[in-house]
Amino acid sequence: MSAAPIRESATGWYLYGVVPAGGQAPATSAVDPSHEVVAIESGGVAAIASRVSLDEFDETMLPERLADAAWLERTIRAHEQVLEAALARTAVVPCRFCTVYRDEDHLRSFLTGHSRVLTEALERLAGRVELGVKAFAAAEPPSAAGQAESGRAYLEARRAEQRRREELAASRSRTAAELHGRLSSAAEDGVVLDLQSPSASGRDEEMLFNGAYLVADRERFERALEVIARERADLQLELTGPWPAYNFVPEELGRG
Amino acid sequence: MSRSLQHEVTLLELVDRVLNKGVVLSGDITLSVADVDLVYVGLRVLLSSVATLEEQAQLAAGGVPAR
Chain A
1 MSAAPIRESA
11 TGWYLYGVVP
21 AGGQAPATSA
31 VDPSHEVVAI
41 ESGGVAAIAS
51 RVSLDEFDET
61 MLPERLADAA
71 WLERTIRAHE
81 QVLEAALART
91 AVVPCRFCTV
101 YRDEDHLRSF
111 LTGHSRVLTE
121 ALERLAGRVE
131 LGVKAFAAAE
141 PPSAAGQAES
151 GRAYLEARRA
161 EQRRREELAA
171 SRSRTAAELH
181 GRLSSAAEDG
191 VVLDLQSPSA
201 SGRDEEMLFN
211 GAYLVADRER
221 FERALEVIAR
231 ERADLQLELT
241 GPWPAYNFVP
251 EELGRG
Chain B
1 MSRSLQHEVT
11 LLELVDRVLN
21 KGVVLSGDIT
31 LSVADVDLVY
41 VGLRVLLSSV
51 ATLEEQAQLA
61 AGGVPAR
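Sequence lines, in order, name chains A and B. Sequential numbering of the first sequence, starting at 1, is according to the working numbering. Sequential numbering of the second sequence, starting at 1, is according to the working numbering.
These aren't lab readings, by the way, just hints derived from the structure by calculation. Glycine included, every Cβ here is placed at the ideal spot set by N, Cα and C. Heads up, a few of these hints could be off.
What the hints assert, rightly or not - Label-pair ranges, simulated between beta-carbon atoms:
no.: 1; chain 1: A; residue 1: Thr240; chain 2: B; residue 2: Ser32; range: 25 to 33 Å
no.: 2; chain 1: B; residue 1: Ser32; chain 2: A; residue 2: Arg230; range: 30 to 38 Å
no.: 3; chain 1: A; residue 1: Ala160; chain 2: B; residue 2: Ser32; range: 43 to 51 Å
no.: 4; chain 1: A; residue 1: Glu188; chain 2: B; residue 2: Tyr40; range: 40 to 48 Å
no.: 5; chain 1: A; residue 1: Thr112; chain 2: B; residue 2: Tyr40; range: 33 to 41 Å
no.: 6; chain 1: B; residue 1: Tyr40; chain 2: A; residue 2: Val192; range: 19 to 27 Å
no.: 7; chain 1: B; residue 1: Ser32; chain 2: A; residue 2: Arg159; range: 43 to 51 Å
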């Protein structure tokens, strides 16, 4: 098999993201480690891409690959590492995992066809990074209703429990709104993300806020977060990033 | 926080971003909704194997796995 020539049709182009024209490809290992990461320029922007075997990345083959946990982890990390290496040098519009073109012409027509929106997005992202902030609260104490002995005591406990839950929900939504307002004022832009369940967050505490921010001045943003952390000892705050700006892709290119 | 737990959280955070965000309207070949579901199934397998490895490491060290 090793003597067989590589068929042109057997490879496609995996697109990691788009950088300004003149941007160089990072010297990072690609999702298919047998090929190099390269920059392909068209329409005044450059694609950060690498060749991939369509035996691995074709629609018909992907489900099998995705079910392979080791392949999945290695490939997702390679995708992210290429983008982070690119981000260390320049602005990047990140693409979703497993964005593949069948040939270079198709990739180039994406760049030229979206030249204006990509250029504007890159200008907006220049010198800025995405940071993630999550807030967790201590777990709620268990309900007292289950322990009440008489029927009347049970009903009263249930009503009290209901009131307590409503107050808690209202106080948490005020907390989330306050956090988002204060963090947004230290950032260029911000979005509220879906809350994660304890199994996804990996923490026992309940998540009550999850946000992403586009930040130019990281020190200022982190100071704002520290002030909140000092004032709100009842919250556990978690800062992640810098990330490629996954949450700040223009609506015309994302799902909006 | 143990090293392996940190590894899990980071991977999940990463997966949420690389699968659900970024430039979506691009590519001749892209992940379908069913593919994304598959990824989360695959990830659960991966994370449960990490938890198993952690337990084994604790057992090997003479400890009792946390429940």
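Now the hints, each set against the structure:
1. A:Thr240 x B:Ser32: 25 to 33 Å: Because 28 Å falls inside the window, the suggested range holds.
2. B:Ser32 x A:Arg230: 30 to 38 Å: Violated: the Cβ-Cβ distance is about 46 Å, outside 30 to 38 Å.
3. A:Ala160 x B:Ser32: 43 to 51 Å: With Cβ atoms ~48 Å apart, the hint holds.
4. A:Glu188 x B:Tyr40: 40 to 48 Å: Since the Cβ atoms of Glu188 (chain A) and Tyr40 (chain B) sit about 31 Å apart, the hinted range of 40 to 48 Å is violated.
5. A:Thr112 x B:Tyr40: 33 to 41 Å: Cβ of Thr112 (chain A) to Cβ of Tyr40 (chain B): about 35 Å, so the range 33 to 41 Å holds.
6. B:Tyr40 x A:Val192: 19 to 27 Å: holds (22 Å)
7. B:Ser32 x A:Arg159: 43 to 51 Å: Check passed, 48 Å falls within 43 to 51 Å.
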